[in-house]
Amino acid sequence: MSIDQNDKPEDLPTLGRALLWLDTKKNVDRIVYGLYIVCAILFTADFLYHKHVYLGVEEFPGFYALYGFFMCAALVISAKIMRLFLKRPEDYYAPYDVESEKYPEDQLERKTHDG
Amino acid sequence: MAETFPIAFLFFAGAAGLLALPKGHARAALLLAVPVVACLFVWSLPEGNLWTVRFFNLDLEFMRVDRLSRIFALIFTIAAFLGNLYAWHVRDTVQQLAALLYAGSAIGAVFAGDLITLFFYWEGTAITSVFLIWARRTEGAYHTGVRYLIVQVGSGVLLLAGAALFYRESGSIAFDKMTLGSIGTWLIFLAFGIKCAFPLLHNWLQDAYPAATVTGTVVLSAFTTKLAVYALARGFPGTEMLIYIGAVMTLFPIFFAVIENDLRRVLAYSLNNQLGFMVVGIGIGTELSLNGTAAHAFAHILYKALLFMSVGAVLFRTGTAKGSELGGLYKTMPLTMIFCVIGAASISAFPLFSGFISKSLILSAASHDGYYIVWAILLFASAGVFHHSGIKIPYFAFFAHDSGLRPKEAPLHMLLAMGLTAFLCVAIGVFPGPLYALLPFDVDYVPYTTTHVVTQLQLLFFSALAFTVLMRTGIYPPELKSVNLDTDWTYRRLMPVLIGSVSGVLSKVWAAQSNFTQTRIRAVIARLYHSHGPEGRMAQSWPTGSMVIWIAVLLGFTLIVNFLS
Amino acid sequence: MATETTHHVAMTLSDHLPVLAILVPFVAAPLCVLLGSRSLTWPITFLASAASFVTSFLLLLSVIDGGFISYHIGGWAPPLGIEYRVDAANAFVLFLVTGISTIVLPYARESVKSEIPERHHTLFYACFLLCLTGLLGVAVTGDAFNVFVFLEISSLSTYVLIAQGSYRDRRALTAAYDYLIMGTIGATFFVIGLGMLYMATGTLNMADLADRIADQGANRTVRAAFAFIVVGIGLKVAIYPLHLWLPNAYTYAPSAVTAFLAATATKVAVYVLMRFLFSVFQPSFLFEVNTLEFMIIPFAILAMFAASFIAIFQTDLKRLLAYSSIAQIGYMLLGIGLLNESGVAAAVAHLFNHGITKAVLFMGVGALVLRSGGSFFDRIEGMGKLMPWTSAAIVIGGLSLIGVPGTAGFLSKWLLVQGALEKGWWPIAILVVLSSLLAVIYVWRIVEAMYLRSPASDIEAKEAPLSMLVPIWIMAIACIYFGFATDITLTASHTAAQGLLAGPVGLH
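Chain order of the listed sequences is L, V and D.
Oh and the first sequence: position 94 is 94 in the numbering used here, straight run, nothing missing.
Oh and the second sequence: position 328 is 443 in the numbering used here, straight run, nothing missing.
Oh and the third sequence: position 76 is 756 in the numbering used here, straight run, nothing missing.
If we strip away everything but chain L, and leave its shape as in the complex, we get:
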C-alpha cells in the first residue's frame, strides 16, 4: 500500500479521510499484529469453555483454527499450481468473450472524485 502523495485529505469524503489512517504502512502493520493477537486469544479460548460437539475430531483443541489455516494455505498453493496449467492470455476466447473487451462506455457513469 503505497502512499499517493497527490491525495489531499481535504479532497476526500469524510469517511475516506478517516480511512486514510490505513494509508500508512505502520498502521497496516498494527492491524496485522492485532490479527495475530486475536488469533492467539481465539486459540486459547478453546481451553476455557466446554465444547458442545458431535464429532470426536472437533474436541481436538484448536481444531477449527488449524483446519482453517492449513486448508486455506493448501487451497492457495494448489490454486497457484493449477494456474500453471490453466492460465491463458486474456484474449484467448476473443472475440467470443467479454474478457478482453472494454466495458461499453455509454453504460457507465465514470466520474473521478475531484472531477
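Certain hints may be false.
Claimed, not checked - Covered stretches of chain V (chain L as the covering partner; in silico rule of three or more C-beta atoms under 8 Å from a C-beta of chain L):
id	stretch
1	324-336
2	483-492
As the list claims (entries may be wrong) - Derived, one-sided and incomplete: chain L residues facing chain V with beta-carbon distance under 8 Å:
id	residue
3	13
4	21
5	37
6	39
7	42
8	47
9	98
10	101
11	103
For the record, the hints were derived by calculation from the structure and aren't laboratory data.
Beta carbons are placed, not taken as given, at the ideal position from N, Cα and C, and that holds for glycine.
Since chain L is already given, all that's left is putting chains V and D on it; use the hints.
Showing chains V and D alone in chain L's frame:
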C-alpha cells in the same frame, strides 16, 4: 383475499404498463412498485392450490402456495425490488422489460404446481434473462448470451422431455417429490441440474454472469440458480446423490475463484460454491437440512446481490471489475467499500451476519446425520469462501496496491440499494427469528451458542491469518490479466476445432456432391423447358387434326380396357 | 311445363324450384334479344342469374342432408317423361354455377365494355344466359338425353362467347373453331354412347337406365357405350390429353368469359362424368374399375405434373392459369378414380373450391388486362404497387391454388391425400403433395412478377374499378372463408359422395 391470481401476471402486466409510460423516473418508479405490490400479495396468500386452469385433460396449477414456495417467492420479490432500485438510473427499455419479465417468470415457476407450467416459466426465465446479457451490446456479450441461451433452453427442453416421459409413466404431471429411476425423472433431474450449475454443467454461470450489464448481473444472480434449488428441493429432497454433488460443488469453484482476475467472475464461482451448500441440504433431506437450504437461499440472494452491487458500482465508476486494475478505492468510495465488506462478512458466515445463521443449519444437519467427510468438505469450503469472497473481493477492489483510480462514490440510488441490502444482511444475522419462522418446517435451532461462535471465529480468523501470511510472504498468487481454463474449454475450444476439421472434410464432399446435383438439376430443367416451355412440344397449340387423333387413341384405349376386363 | 297441370302434386312455387332454376335464364335470354335494349340487357341478365342463384341455394338447403327432389316435367312421370332430380351432388354444382355467374356478371360489365364492341352486348349477354341455362340443365336433369341437349346448348353458346375475344386477339376465332370441332366430336361420342345404351336398355331416364344395366349386367354394347360416354364427356372435362382445346380457349376468350367458364364449365362436365360413372353404370363393374385404374388415374397424374410443368414455363399469365386448370382437373379425376368416399368427396369439394379459386384468379387477371393491356408477364410486372387490391386478391387465389392451410384449396387436397391413404396408395398421396410443390413454383412466379419487379415504363395503371374489385374480393374472401368454415363444404361433399357412391340405389 377473496380473489387470487398468479403473482407472475402482476409482473407481466407491469411490463406491459412499462411500455405505456415515458422513459425516465415514472418507469423506474413502476419497476419498484411492482415487486412491492407482489411482495404484499405473496405475504398475504393463503396456502393451497389457488388458481387452476384445465387444459385438455390436464390440470395446470398456477398457484401452488405452501411454505416452501412462499419463502422463495418472497425473497424473489425482495430481490427484484432491490435489483430495480439499484438499476434506477438505467433508461434501457430492454433491460427494464427483461428484469420484470425475468422476475415474473421466476416467481411463476416457484408457484407452478405441475411440470407443464413449470416448463413454460422455466423457459421464460431463460429467454428473458438473456437480454440482460445482450444489453451490454458488445460482440463478446452477444456470443456469451447465445451460449447461455443454448444451455438454458436446452435445460428446458430436457425438462419438457422428462415431463412427457414422466406423464406416460405415472399418468400425472403434478410437480411433487419424485424418485430417481426412470428416464423421465432422470431427465427432469438433469434439467434442474443444469440450471443449478452442477459440477461439469456449471460453466454457463461463470461464463454468462460477468458478461451481463452492471445492473443485469445483480438481477441474474438472484433468480435462475435459486429457482433450480427450489425445484430440486421440491422434486428431489433426500436424494443421496445430491449430497455428494453438492459437496463437489462447494469445493471446486473455490480453487478457480482464488486465481480468477475478474471480480464478478470470482463472485460467480463463489455463487456456485454457495449453491453447493444448498444442494447438500436438499440431499440430506431432513427437516433441519431443508430448512437450512431455504434459509441459505434467502440469505444468499441478499448477500450475493450486495456483493455484485458493490463490485458493479466499482465497474460503473471505473469501467473495469478486474482485480489487476483495481485497488485503493476505499479512499473515494468508502461507503461502497463498507457495504462490500458487510456482504463479504455475510457470505463468510461471520457471527451476527446472515450467512452464519443459515449455513450452520446445513452444516449441523450434515454432522447430525453422520456425513463426516461431507461435513469436512463443507467446512473447508466455508473457509475457502471466506478466503476468496470474504477477503479477496474487498481487498483487491478497495485496498491492495493503489491503482491510482480516484472514482467518485457510487450514485445515491445504488448506495440506497446496497444500504438496504446490507441492513437486511445484518438484521437477519442479528435477529434470525423472523426468517426461521418463514422456513418450510418448524425450527428448533439456536445458532448462537458459545461453541458455535468460537469455532466459527477460529475458522475465519485463522483463514484470514493464512491469507495475511501468504500475502506478506508473497506466496499469494497476484491478480494477473488472464483467463483460466475451465471445463467450458471443451465446448468453446476443443469442440469447435474437432467440428471444424470434420466439417472441413464434410463440406468438401458436400460441395462436390451438390455441384454434381446442380449440374444434373440444371440439365433436367433445360430438358423440361425444351418440352414443356411455351415453345415446347407439350405446350404449343396443336392442329385440330392432331387433337382428333388423340380422341381416337383414347377411345381405342378405353374400348380395349373395357373389352378385355 | 305448365304449372297448372293436375298430373303431379307440385302445387306451390317452392315445388317448382328445380325447373325454375333453368327456366328463368332460359326465358331471359330471348327476352334480352327481343327487347333489344342495351341498357336493359345487363340488368335482366343479372336478375335472371341472381334468381337462379337464390333458387339453387334453396335447393341445396333442402337436399343437403341427403334427400333428393324428383320433378316431373309437364307432369309426365318418368321413365316416359323427363325427370329433373336434385340431390346433394348436383345441388352443389347448381349452387356453384349460379353463384359464380351472379358474381362474375357485375364484374363482366366493365370488362365486357372494354373488350367487346357495344353493339354486340345484347347478344353477348343472351349467349351468356344460354350458356348458363345449358350448364344448369346438364346438372339438374335426370334424363340422359336431356343431358346431351343441355350440353349442346351450353357448348354452342360457349363457342360464340369465346369467339367474342376476337376483338382483342384474332386468335380467339381459331380457338373457338378448335373447340367447336372438338366439342362436337365429344358430343357426338356422347350421343353415340347414349344411343347404344338406349339400344341395350330401351330407356333414357338415368334411374331406369341404371336399373336395367344392373339387371342385364355388362354386355358388349354397354361396355362400348361406356367407352364412348367416358371419352365424350372426358373431352368436355379436358382430361389430359383431350385438353388441347382448353389453353387457347381460356387464353383468348374475353376475361369475364374465361372467369365464368373456368369456374363452371369443366366442373359441370366433371359432375356429369361422376353421374354416369357412379349412378348410371355400376361402380362395381370390373370394366369400370379397370378404366378408372388404367386410364383415368394415370392420365390424371400425368395431368397433375405435365400441365404444372407447362404452367411453370408460361410467359402469359392467362395461359399459365389455363394449364393450371388442367392440372387441377387431374386432382378431381384422381379423386374419382380412388372410388372411395374420401376420394369422391375430394373431387366434389375440389370442384367447388377450384371453381371459386379460379374465379378469383381469372377475374384478377381480367382486371390486370383491363388496366395494363395484356396478360403477359412483362405487362403485369410491378402491379403489386399499382393495383394493390387486385394483386392481393390474386395472391390469395394463388395460395388457395397451392392448397395452403386456411384457404379453400387446402381442404380438398387434404381429402384427396386422405382418400389415397385410405386406399393404401401412399405413393399417390406423395405425388399429390409433390405436384402441389409445382403449384408453389408457378404461383411464386406470379408473386415475383407482381411484387418484386418494377412496372414497365409505359404502364400507368391505376386500381381496377370498384365494380370489378368487389366481385374479385367476394371470391377471394370466399376462398378464405371456405378455408376456415370447412364444415359446409365437408358436409355437402360427403353427402354428395355418399349419394354418388351408392350407385343406382342413390337414384331411388
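Evaluation of the provided hints:
1. Counting residues of the stretch 324-336 of chain V whose C-beta sits closer than 8 Å to any C-beta of chain L gives 4, which meets the bar of three, so the coverage hint holds.
2. Look at the stretch 483-492 of chain V against chain L: 3 of its residues bring a Cβ nearer than 8 Å to a Cβ of that chain, three or more, so the hint holds.
3. Satisfaction of the interface hint for residue 13(L) is found here, the shortest Cβ-Cβ separation to chain V being roughly 6 Å, below the 8 Å cut-off.
4. At a threshold of 8 Å, the smallest CB-CB gap from residue 21(L) to chain V is about 11 Å, leaving the interface hint violated.
5. Checking residue 37(L) against chain V: minimum C-beta separation of about 10 Å lies over 8 Å; hint violated.
6. The beta carbon of residue 39(L) comes within 5 Å of a beta carbon in chain V, closer than 8 Å, and the hint placing it at the interface holds.
7. Interface hint status for residue 42(L): upheld, as the beta-carbon distance to the closest one in chain V is roughly 5 Å, under 8 Å.
8. Checking residue 47(L) against chain V by beta carbon gives a least distance of about 11 Å; that is not within 8 Å, so the hint is violated.
9. About 4 Å separates the beta-carbon of residue 98(L) from the nearest beta-carbon of chain V, less than 8 Å, and the hint is met.
10. At a threshold of 8 Å, the smallest CB-CB gap from residue 101(L) to chain V is about 5 Å, leaving the interface hint in force.
11. The interface hint given for residue 103(L) is met, as the beta carbon of that residue sits about 5 Å from the closest beta carbon of chain V, less than 8 Å.
Checked against the numbered hints given earlier, the structure breaks hints 4, 5, 8 and satisfies all the rest.
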